[in-house]
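We have chain F; now place chain L onto it with these hints.
Listed below are the residues making up each chain.
Protein chains: 2
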Amino acid sequence: MTMSLNNIREAAQRIKPYAHRTPVLTNESLNQQVGAQVFLKCENLQKVGAFKFRGACNAVYSLSAEEAASGVCTHSSGNHAQALALAAKMRRIPAYIVMPDNAPQVKKNAVAGYGGQITFCEPTLQARESTLDMIRLDTGASVVHPYNDERVIAGQGTAALELLEDVPDLDVIIAPVGGGGLLSGTSIAATEIKKGIRVIAGEPEMANDAFRSMQAGAIIPSVNPKTIADGLLTSLGDLTFPIIQKRVEQIVTVSEAGIIASMRFVWERVKIIIEPSSAVAIGVLWEKKIDLSRLKIGVIISGGNVDLEKLPWL
Amino acid sequence: MTMSLNNIREAAQRIKPYAHRTPVLTNESLNQQVGAQVFLKCENLQKVGAFKFRGACNAVYSLSAEEAASGVCTHSSGNHAQALALAAKMRRIPAYIVMPDNAPQVKKNAVAGYGGQITFCEPTLQARESTLDMIRLDTGASVVHPYNDERVIAGQGTAALELLEDVPDLDVIIAPVGGGGLLSGTSIAATEIKKGIRVIAGEPEMANDAFRSMQAGAIIPSVNPKTIADGLLTSLGDLTFPIIQKRVEQIVTVSEAGIIASMRFVWERVKIIIEPSSAVAIGVLWEKKIDLSRLKIGVIISGGNVDLEKLPWL
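Protein chains in written order, with this note's numbering: chain F, 1 to 314; chain L, 1001 to 1314.
FYI, nobody ran anything at the bench for these hints, they're computed from the structure. All values reported here derive from a predicted model rather than from experimental measurement. Every residue gets a Cβ at the ideal spot worked out from N, C-alpha and C, and that includes glycine. Don't take every hint at face value.
Chain F is faced by these chain L residues, among others (derived, beta-carbon under 10 Å) [what the hints assert, rightly or not]: (1) Q1046; (2) Y1061; (3) L1063; (4) E1067; (5) K1108; (6) N1109; (7) A1112; (8) G1115; (9) Q1126; (10) G1217; (11) E1268; (12) N1305; (13) V1306; (14) L1308; (15) W1313; (16) L1314.
Chain F with its partners taken away, still in its complex shape:
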């Protein structure tokens, strides 16, 4: 079944009691810097500090009472793990999280802090998948993939839905792309709500698998990418790629220097904490590889989870 705006509207109703309606911020210095009128949809101010809560919450509350009783599970060491743990906690069901044993302590603590039950495994994709399989068979928990899941995609699309409610006359929406959950949800919402709106993705030059996939017309996996934008390391999924192919105008790559400069500018001028992955979307405007001047541009600020001990400009 093809996903549509309806899935996103339903998700919006479903998560409304649990998620923040995040503010849309504007900033004159940023507008002048990039030569356009920018509207920042601040998912860094969402629960768990990232848009990921929307998708996880929609997935958890989409389960029947019977399904829910057995809990949910996933493998992730990032924001999705925290998001799923918190959504499950809200519904008072268990969340089983598979994490590589070399994940940073701060991420382990965060997931445990939201009540997630962590199973550690070796840091390989194979170990993650086999461990998750074992847990699923053991507990009967429902798997919630970080992005290749229609409930998750629909949830992520609710950010763009709200943004277009607040600023209906946007010319362009920019979102970062990693696995493509945010980008595909955003592109469905945007293109179905407003005919002719342009959806553009930002991707790190150093992890440009989605850019290359679009060129090739087939998913090209990401192989050991190294970028400061650590939320954008994953490859596209077989659900997200066709949506992106159909609805996203283009993917623009951003240099590491552009990511860091954009991140710092937003901290300094807009006064919000954004993570490098969010700065990739600003970076599209910052580096001006494509001409978006004088347009009204919505940017999904994906998250704000950073280590305050290690700032990239220090």
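Showing chain L alone in chain F's frame:
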């Protein structure tokens, strides 16, 4: 003439086309940490990154066309200087700013960036005042004091007005106190809008002149205070002190460690950049010297102007 809620309502109308209506944020981690329900009025997201824009803007747009033609002037090296420069730029009138010649380059640049015409002087109060006097006589510009000015006080009160529109059932409002412009405006708005609301101020232990003034029943000047909260170094004024005496329940002092811990917690969990002076208001909740548990508490986050090269926890 006594100031009242009317002055603040008029200011709100006057500045509406120019100032941001800043968002009110909530955060579950913060609530749990302090044991209360906290609503953050984010003036760090205001123009120039501080509530100061409200007062400066109200003062500038209160001038008659004839007065305005000669411009405005002030002595300040902080957020008020930037705020006045920007408000004057918006009205297309000159802003003459007296700054000590040892002010940090970044502050000089910021004021110049907003089009302020800077005159440097020796870093003494006497030099500042005599230089300002000279400029006033030379240009006919209207002096806009950073806090001891009814137009400024009324402007600062509009933040609390908006906060109480968004969250009418607050039990307490907390604001930081330096010269008392924000605190007196906040206290007028709060106590006139809601009978019985408690207005509490946060002040650095290391710059506790307002605390001591309240005890003594007379203004005790601040003498060479040393605190990280560099927006709160000034003494109360003869306009702000009586308002504070009448309407503020108490002033709570906060340790340097409490300021830094509060600041870091807000950056890490709420994902917004706040300056140490803002953290002083959070510090009142953080240090729990007074029992505010389970109450609904509004906090005015006064600003977000910090040097990202020098974070106090690094």
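Task: Hint check, failures only - done: Result: hints 2, 3, 4, 5, 6, 7, 8, 9 and 10 break, sorted rising.
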